[in-house]
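Chains as they are written, first to last, in full-length UniProt numbering: chain L, 1 to 206; chain F, 1 to 206.
Because the hints were derived from the structure by calculation, they are not lab data. The beta carbon of each residue, even a glycine, is placed where N, CA and C say it ideally should be. Treat each hint with caution, since some may be false.
As the list claims (entries may be wrong) - So the derived label-pair ranges between C-beta atoms look like this:
1) P75(L) / H50(F): 52 to 60 Å
2) P97(F) / G46(L): 46 to 54 Å
3) A203(L) / Q131(F): 44 to 52 Å
4) D152(F) / S162(L): 29 to 37 Å
5) K137(F) / D153(L): 24 to 32 Å
6) V78(F) / A203(L): 34 to 42 Å
7) S10(L) / L83(F): 53 to 61 Å
8) Q196(L) / H50(F): 47 to 55 Å
9) A203(L) / K45(F): 26 to 34 Å
10) V78(F) / Q133(L): 25 to 33 Å
11) Q133(L) / E187(F): 41 to 49 Å
12) H40(F) / P75(L): 30 to 38 Å
13) S10(L) / V161(F): 43 to 51 Å
Listed below are the residues making up each chain.
Protein chains: 2
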Amino acid sequence: MSDPTKPKMSASKAEILDAAAEVFMTLGAEAASIDDVARHLGATKGRIYHHFPSKGALLAEVCLRAADFVLQKVPPVVQATALPADNLRNMILTHIPEVLRTLPYHKVIIQSYVGVQQKSTTAHERELFAQIQLERKAYESLFRQVLQAGMDDGSFRAQDVSVALQSLLLLINAPVFWYRPRDNEPEAFVTDLSVQLADMAVASLQ
Amino acid sequence: MSDPTKPKMSASKAEILDAAAEVFMTLGAEAASIDDVARHLGATKGRIYHHFPSKGALLAEVCLRAADFVLQKVPPVVQATALPADNLRNMILTHIPEVLRTLPYHKVIIQSYVGVQQKSTTAHERELFAQIQLERKAYESLFRQVLQAGMDDGSFRAQDVSVALQSLLLLINAPVFWYRPRDNEPEAFVTDLSVQLADMAVASLQ
DNA sequence: TTGACAGCATACTCAGTAGTATGTTTGCCT
DNA sequence: AGGCAAACATACTACTGAGTATGCTGTCAA
């Protein structure tokens, strides 16, 4: 999918992205300042601007990484010979734990989901956001194909595919909105949660 | 529910709230400035600060109005004698058109849903946000009761109520994320959409 | 040893923004 | 008429925050 987009990111850059994701999640991407991120790193602005040309680019790379996380895990579990409902279940059972494992990143990308359009973007930032759009479309079409296959063979009820797709995608991302890791959390909590949501999702389509 | 909170808002104040909702929706609540809102009104800051003590209070009142819209329409359609599934269907069929009718307001309140916590809030702002929290809880418990009733009489499958509730609420608000009013939109589009989502929601619980 | 460059920190600039202080107009009551 | 608020506009202030210019330090190759 993206061979040239994996130029083995440096550890320092990854550390910055982790901090940015957490700070952007907590304060909001627009409200948070570069100094906030630097302070959370125990560093200063200089470190961040050495690796990223602008705040918009930093935000974009956080979102890009969020998309990459699920794109590396979910597509492999799809099997051409399997039943659509089974494929969908496996996709969801993979998607949700991976999303909750990298929660800050997805809380940030969901903020942009609301439709907030950047103000003054450079050409480089627009390029990054275009790539995010591409990866998001690729991920959506993965679910769209399974949905369509299920409607074709009658295992899913016939309905507007786009509406069903958007609703499904939001349903499986619902935990991003309310989930908060607890220290005394049962071992199998995330697994149980994933199963419950997979059940709901499949049932909503039948 | 809130008799003292309806001191018949002036038309000018409502106009400011409408403009603020649109600008906050487009640019993001934090990134948008008071001057942006004023410019969209064809006015200046003075007008806004005459009606609202601060930007945070303006944002809070936008969110409060968003909650009020659905709280005035949905609760009346609930009937104690009706079947839970029928009650839920009617609630969704009322919720979605009302939300899409007042879309900018709900796009703003969803931004705060992502968990963005305000930085420095005055006592007055905290009071407003507390009231929003109350109305949101009241609205949620409306759905929770219907959910619980359905599980009690066996018409809904037994499962974790909180998870099901949060998922349901996000499902019926899904159009807020992607809906965009079209000029050549079919007459019954919103109605059809509401029916489809109501079907999905009820099916996901059975 | 010495350059030379990556990887930061420090110390600025400057545009934008929340908030205030103070005019100015318009209706309205008497 | 006249006065008196409400409902704004104008013109500030003070400050935050993105971006830059430059300085410092280790490392590594020649």
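Consistency of the hints with the structure:
1. P75(L) / H50(F): 52 to 60 Å: Given a distance of about 56 Å, which is inside 52 to 60 Å, the answer is holds.
2. P97(F) / G46(L): 46 to 54 Å: Because 52 Å falls inside the window, the suggested range holds.
3. A203(L) / Q131(F): 44 to 52 Å: violated, 36 Å
4. D152(F) / S162(L): 29 to 37 Å: holds, 35 Å
5. K137(F) / D153(L): 24 to 32 Å: violated, 43 Å
6. V78(F) / A203(L): 34 to 42 Å: Given range 34 to 42 Å: violated, Cβ gap about 24 Å.
7. S10(L) / L83(F): 53 to 61 Å: Holds, since S10(L) and L83(F) (Cβ atoms, about 60 Å apart) stay within the stated range.
8. Q196(L) / H50(F): 47 to 55 Å: holds, 50 Å
9. A203(L) / K45(F): 26 to 34 Å: Roughly 52 Å apart at Cβ, these two residues miss the hinted range, so it is violated.
10. V78(F) / Q133(L): 25 to 33 Å: violated, 41 Å
11. Q133(L) / E187(F): 41 to 49 Å: violated, 32 Å
12. H40(F) / P75(L): 30 to 38 Å: Check failed, 43 Å falls outside 30 to 38 Å.
13. S10(L) / V161(F): 43 to 51 Å: With a Cβ separation near 46 Å, S10(L) and V161(F) satisfy 43 to 51 Å, so the hint holds.
The structure is inconsistent with the numbered hints 3, 5, 6, 9, 10, 11 and 12, although it conforms to all the rest.
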